[in-house]
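Participant: Once you have looked at the hints, place chain D on chain C.
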Amino acid sequence: MAYNYKTELGRYRRYYQSLEPIFNKTSSRTYTSVIFSFLAVSLFGWYAVRPTIQTILYLKREITDNTLVDKQMEDKISALIETQAYYQQIEPILPVLDQALPPNPDAVPLVIQLRNLASDSGVLLTSLQPASTPLLGKNPTKNSTAPTSSIVSSKQQSYDLTVSVQGSFKNIRSFLSGIINMRRVTTITGMTLSPTKGEPSASPSSTLSENILQLALRLKTYYLVE
Amino acid sequence: MENDQDLLLISIFTFFTITLWVTFELLKTVKTTTVSQSTQQVVIPLNPKIDIDTINTIANKQVY
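These protein sequence lines map, in sequence, to chains C and D. Okay, so the first sequence: first residue is 1 according to this note's numbering, each after it adds one. Okay, so the second sequence: first residue is 227 according to this note's numbering, each after it adds one.
All clues given are correct.
Ranges of calculated distance between the beta carbons of each label pair, as one might list FRET restraints: (1) C:Thr196 with D:Asp279: 38 to 48 Å; (2) D:Val289 with C:Asp70: 47 to 57 Å; (3) D:Ile276 with C:Ser177: 21 to 31 Å; (4) C:Pro103 with D:Thr283: 17 to 27 Å.
I should point out that these hints are in silico values taken from the structure, not numbers from a laboratory. By construction, the Cβ of each residue, glycine as well, lies at the ideal position given by its N, Cα and C atoms.
With the rest of the complex left out, here is chain C (with noise of 0.2 Å):
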């Protein structure tokens, strides 16, 4: 259809006559533009001034955070100097920390520790018995006979020990001081002291340190799983 320039005029002059008089009240015209204000401002505020000052926002936050970092990368970058020194210092007895703490249950080497010092100590090692342990550090199996072995921590781990010894008191105590000084970390949970069966004193005026006694220990040493 062909455009008919001259009905369009017509047509859109009839409706602009026809929207004069209501642009001519002083209340109409006052309404609109406060209402094409409020909506100017709103289009604007929403697609021009925010993207503005988020983006100027987000500047000044990149800038205050990057400043933190560089602080906080700087102390982590003088304390790890300061622990390489430390270590440094250690590293030549750093391999006491595996004896005291294996990363695996050596019950072997504790177990020769313990005759080593009952040895030193004079007294008789009559029994020793370690407790189902673990040969590759994993958990004992729940079903196994060690319902003391126990996991202290995520990592590290313990098993029991049972020994008895014989002895006079002074070499009992020289053997507890040995095991309290001994540097695998091993620690008595249970203890039970009492004379020797069918060995009466030698005689009535024999002392207690003279007297042979049996001193049944129930120990706990830990190792660590890594």
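Facilitator: Same frame as chain C, now just chain D:
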């Protein structure tokens, strides 16, 4: 006249809604950190002190 008042109310509510929306968007921008999670893990403070006394105490203990 009533039509004008309704339109005015709508435009005022629109204006306030947009203003509040912009304000909260800007507050969110200010409060949200720009540091990535990996960087935050890297900058966790490190205590450089090593308990040398304890290590010396262990070293002074005996091995039989």
